[in-house]
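Student: Now that you have both chains on their own, put them together as the hints suggest.
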Amino acid sequence: MELTDADLIARVLGDDDQHAFGELVRRHQSSVRGLLRQLTRTDMALADDLGQETFLRAYKNIRSFRGEARFSTWLYRIAYNCFREDARRRKELVGVDEEQLQAEHDPQTVDPGLRHDLMHALSLLPLHERTAVVLCCQNGLSHDEAARVLDIPLGTVKTNVLRGREKLKRTLAAWGPN
Amino acid sequence: MNTMIEDETLDRQLREAAPYIDDDGFTARVMAKLPAARREPRWLRAMVLLGLTVLGSGLAYLLSGGGRFVREGMVQLANFPVWLLLVFAFGCGLVVGAFAVIFAIRKTPEARDLARLRF
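In the order they appear, the protein sequences are chains R and H. Just so it is clear: in the first sequence, position 173 is 173 by the numbering used here, and no numbers are missing. Just so it is clear: in the second sequence, position 7 is 7 by the numbering used here, and no numbers are missing.
Extracted from the complex, chain H is given alone in its bound form (with noise of 0.2 Å):
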């Protein structure tokens, strides 16, 4: 009696006993209990969205009396030393840089495993 099955035979056995189960209208079955798909396209959400960003910045361009704390904010860094300002541009872009390299990490799988990785 042959009692010693080995475990890639047994998996293939598995696998090949496994039948392949014929669609049989369980595919429209399912297509017919889902829920109604969304009716407004991608790019109407978008126009909602640059219409609401443009309306709250005339209505804060208006109410701030004409952009004048824009033309202050201007005349005081116009004032400010020329170093000052590269630093402060490269603050700037070191922080944005950060929070890009964060982004695209917690978006790609790949990048997030290596992150995970121990040396």
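Just chain R, same shape as in the assembly (with noise of 0.2 Å):
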């Protein structure tokens, strides 16, 4: 019978029983890198060393894991933290920031061929709402538990959600067979 994810971290816990992590990074690494991935634009070198980063730091606060919320989700917010804090590093060394990164990536200047490619819309959107839509609507996370990994009001999470939405529906749309 497999083990939960619950009977995992007790083992960690109890005995520190790095195998039992192991077997968790090897559950959690795929959504955890390709939450990293959007977050980062598909960087994906970076956003595998921040994954890295995620579950290090998770080994060394598990204790602080008190099974209010999936463990996933608490794998979530310590990778967006990651994020986070990389990109506050960023901008400081050479002052890049979001709204740069969205120039480059205007809608207007997207290869012909891509213009199907949903990943692709998706990485157009502002980094609130692509955050919001990818941990929503990708992830099956509820607005509840995504509120607590931004550590964002519930109402906030809901409209980055909408207009997140609505913005892929409209590209989706306008790159659609005229």
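Errors might be hidden in some of the hints.
Simulated restraints, written as ranges between beta carbons of each label pair [what the hints assert, rightly or not]:
1) R/70 - H/8: 19 to 25 Å
2) R/62 - H/8: 32 to 38 Å
3) R/153 - H/54: 49 to 55 Å
4) R/13 - H/66: 51 to 57 Å
5) R/10 - H/60: 32 to 38 Å
6) R/153 - H/97: 37 to 43 Å
7) H/19 - R/18: 24 to 30 Å
8) R/19 - H/50: 27 to 33 Å
9) R/153 - H/98: 34 to 40 Å
Straight-line alpha carbon distances no greater than 20 Å define the calculated SDA-like cross-link-like pairs of lysine to any residue that follow [unchecked claim]:
10) R/169 - H/10
11) R/167 - R/126
12) R/158 - H/105
13) H/107 - R/169
14) R/169 - H/7
15) H/33 - R/158
Hint data in this document are derived by calculation from the structure and do not stem from the laboratory. Virtual Cβ for every residue (Gly too), placed ideally from N, Cα, C.
Tutor: Okay, here's the thing in structure tokens:
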């Protein structure tokens, strides 16, 4: 019988069982790295570095996981914090911010060959809408869970998801066959 | 041009568009960076704790004149009326029970959520 996340966490806490933690990493690495790839606009190397940092932090702080939320939700929160800290550092170092990155990805300049790529359309959304859409629509978190991950009010999450969805629909419709 | 895509359809397409990312050594790299596992087993910590407790109790017994205060306390308790002892025991039970309930609620997310419910 396959052990649940709670069983594995109990083993890590009780016996410092690193194999159990390895199983947790194997289970959640795809969704965590997927989220980070969306946040970093498909910069896979950076996303994987942040992914490693996420799991290292999770291991060091696993005693603070109180089981109030799903383990994956807790991991998303750590991943999002890692991403924000890294973005802040980069902004301080080279002065690149989200608005500049957004301008670089203007929908008008999109390669026609990528027009039907939903993931590409997603990457065109502003960070706060993209993050909310990825968490709620792609990873199946409730609005409440996403609000905890992002540490923002529930209403803001709902608004970001709504706006993100609308923009995605408009973009996809505009890319559709005439 | 179809401009009306349902939310559910869009969510499903988003989920399907997100590829499963193969591990490709990611887990191994994370594991290699983990700090060294704790070496001492749990039973050793328990034994150390128990040993210190026994040692402390022994010292307290010796320093208090061979437990004289315990004997005197027992004699005083024996002189109390029975109803007072019963009240005392009941009070102790209530206090211990209250602490047990509080501890259980703090440790159980479901019970904590239940305690937050407003009717």
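Student: Now tell me, hint by hint, if it's right for this structure.
Tutor: Hint by hint, here is what the structure shows:
no. : hint                     : result
1   : R/70 - H/8: 19 to 25 Å   : holds (22 Å)
2   : R/62 - H/8: 32 to 38 Å   : holds (35 Å)
3   : R/153 - H/54: 49 to 55 Å : holds (54 Å)
4   : R/13 - H/66: 51 to 57 Å  : violated (43 Å)
5   : R/10 - H/60: 32 to 38 Å  : holds (36 Å)
6   : R/153 - H/97: 37 to 43 Å : holds (39 Å)
7   : H/19 - R/18: 24 to 30 Å  : holds (28 Å)
8   : R/19 - H/50: 27 to 33 Å  : holds (29 Å)
9   : R/153 - H/98: 34 to 40 Å : holds (36 Å)
10  : R/169 - H/10             : holds (8 Å)
11  : R/167 - R/126            : holds (10 Å)
12  : R/158 - H/105            : violated (31 Å)
13  : H/107 - R/169            : violated (44 Å)
14  : R/169 - H/7              : holds (9 Å)
15  : H/33 - R/158             : violated (38 Å)
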